[in-house]
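*Asks:* In case you want the letters, here they are:
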Amino acid sequence: MADFPAALHYSAEHEWVDDASPATIGVTSVAADALGDVVYLELPEVGATIEAGAVVGEIESTKSVSELYSPVSGTVVEVNQSAVDDPAVVNSDPFGAGWLFKVEVSSRGELMTAEEYAAQAG
Amino acid sequence: MTEDQQDKTTALYDEHVALGASMTGFGGWLMPLRYTSDLAEHRAVRDAAGLFDLSHMGEIHLTGPQAGAALDHALVGRASAIKVGRARYSMICAEDGAVLDDLITYRLGDEHFLVVANAGNAVRVARELVDRAAGFDAVVDDRSETTALAAVQGPRAEEILAGLTAAADVETVRTMRYYASAPATVAGVELLVARTGYTGEDGFELFVDADRAVELWRALLAAGEPLGLVPAGLSARDSLRLEAGMPLYGHELDETTTPFEAGMGRVVKLDKTDDAGAPLPFVGRAALEARAHSEPARVLVGLRGQGRRPARAGYDVVRRGLNGEVGAVVGRVTSGAPSPTLGYPVAMAYVTPEVSAEGTELAVDVRGRAEPFVVVPLPFYRRS
Numbered sequence: 001m002a003d004f005p006a007a008l009h010y011s012a013e014h015e016w017v018d019d020a021s022p023a024t025i026g027v028t029s030v031a032a033d034a035l036g037d038v039v040y041l042e043l044p045e046v047g048a049t050i051e052a053g054a055v056v057g058e059i060e061s062t063k064s065v066s067e068l069y070s071p072v073s074g075t076v077v078e079v080n081q082s083a084v085d086d087p088a089v090v091n092s093d094p095f096g097a098g099w100l101f102k103v104e105v106s107s108r109g110e111l112m113t114a115e116e117y118a119a120q121a122g
Numbered sequence: 001m002t003e004d005q006q007d008k009t010t011a012l013y014d015e016h017v018a019l020g021a022s023m024t025g026f027g028g029w030l031m032p033l034r035y036t037s038d039l040a041e042h043r044a045v046r047d048a049a050g051l052f053d054l055s056h057m058g059e060i061h062l063t064g065p066q067a068g069a070a071l072d073h074a075l076v077g078r079a080s081a082i083k084v085g086r087a088r089y090s091m092i093c094a095e096d097g098a099v100l101d102d103l104i105t106y107r108l109g110d111e112h113f114l115v116v117a118n119a120g121n122a123v124r125v126a127r128e129l130v131d132r133a134a135g136f137d138a139v140v141d142d143r144s145e146t147t148a149l150a151a152v153q154g155p156r157a158e159e160i161l162a163g164l165t166a167a168a169d170v171e172t173v174r175t176m177r178y179y180a181s182a183p184a185t186v187a188g189v190e191l192l193v194a195r196t197g198y199t200g201e202d203g204f205e206l207f208v209d210a211d212r213a214v215e216l217w218r219a220l221l222a223a224g225e226p227l228g229l230v231p232a233g234l235s236a237r238d239s240l241r242l243e244a245g246m247p248l249y250g251h252e253l254d255e256t257t258t259p260f261e262a263g264m265g266r267v268v269k270l271d272k273t274d275d276a277g278a279p280l281p282f283v284g285r286a287a288l289e290a291r292a293h294s295e296p297a298r299v300l301v302g303l304r305g306q307g308r309r310p311a312r313a314g315y316d317v318v319r320r321g322l323n324g325e326v327g328a329v330v331g332r333v334t335s336g337a338p339s340p341t342l343g344y345p346v347a348m349a350y351v352t353p354e355v356s357a358e359g360t361e362l363a364v365d366v367r368g369r370a371e372p373f374v375v376v377p378l379p380f381y382r383r384s
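Taken in sequence, the protein lines are chains A and B. For what it's worth, this note's numbering labels the leading residue of the first sequence as 1, then goes sequentially. For what it's worth, this note's numbering labels the leading residue of the second sequence as 1, then goes sequentially.
Don't read these hints as lab results, they were simulated from the structure. Quantities reported herein were computed from a predicted structural model and do not represent experimental measurements. Yeah, the Cβ is synthetic: ideal placement off N, Cα and C, and Gly gets one too.
Interface residues of chain A toward chain B, partial, derived using beta-carbon atoms under 8 Å:
{"no.": "1", "residue": "36"}
{"no.": "2", "residue": "37"}
{"no.": "3", "residue": "39"}
{"no.": "4", "residue": "40"}
{"no.": "5", "residue": "60"}
{"no.": "6", "residue": "62"}
{"no.": "7", "residue": "63"}
{"no.": "8", "residue": "65"}
The whole structure should be built from the sequences, with the hints applied where relevant.
*Replies:* Structure representation (structure tokens):
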């Protein structure tokens, strides 16, 4: 079973979010592994207002396209431009350098603990 | 990932699981999609070598004094003209000219041919060959279930294979020409070696009894790994064949397509005759003759992406609008991916003839956005 950082919260759509303000959001190792090699990221624009559970972007791998959902509602304050430039980092370090965007959070969606997520995804 | 309970497993299934492969349903078989990374497996084949399990492919043998004549009747090519030890790409069509499958026919002896069919079509091809061989002095024997197929593909394939080949057969392997085959003993296993493949690289396909497949597979991995060989899955196989401009049945070829639209008219031998010079009728001939002399309604082209977003199978090919918006639909993408070797998106698509000229600037409707693509010649990649 994969290791999921205990400090993060997880969505059923395989995104993670931390407790910081603004909150950092990424996809889990489960998503990264299932996608295969990520080759293109479409992230929300800085300043965009997004809603928890809504589609905010796309992740393309060599084989497929997946929608990116936001686990929180709020305003996008930063996107990870180095991941946009070299999306392989999403595969190599999904919980670290492969983060996707940061949000000034107004409310959070239904999220799981690492343990709950592991039970579901593992 | 679809893991259908109905999917068959190959003799190498346990090897794939032990190697940590992600498995996927394909053509009725549970096959390795990738072992580690699509890109790493793709690059290994371009730079060194990859090892593929292709045991899902169908192996149908025809034997007898009229085996060649039966295939001349059943397929669009002229199998009886293939020399012993050589192979040829061909197709099997319906009476209306539709492609039922694309095939490689190996002539193993004067009266012995091996037809290799795609996994998803193998049962139907075998049935058609039985029907079409009726009246000929030939026996059709579908050995798909008892035959395993491993492929070693890449610039180091010859070195890897030769190192495992019995001394008496090494020269045979080393000097084997592209689209040729010969029996050989590899890693102590008697098998059929063919210099064919589906990757755009040099390489070999090894037809082996299913009960010897595991020992062969392990020997190839062990001998190849120091030279950069990795096991490679269907995902890499698909991106490799796409770069090489090779059609995949179900994408570029299907029952709505004739060989001419697919740019494969050369495999149709309308003028084939028997040894006495009399015209040879074959299944689909009348329909294909009519199609050969009319301009097809659509043409298979290569598309090179000018942005970063890949096109995918099923997306519309459109004209570019004046302001970069999605214009009129002029075709449809059959295969598309980011090219790992070339670094830009590549796709194959059927388009109307007036937009099929090299250099034509088109777009692909990528989920509502017009991504710019330009028509380029196939293949996208050719080994140097």
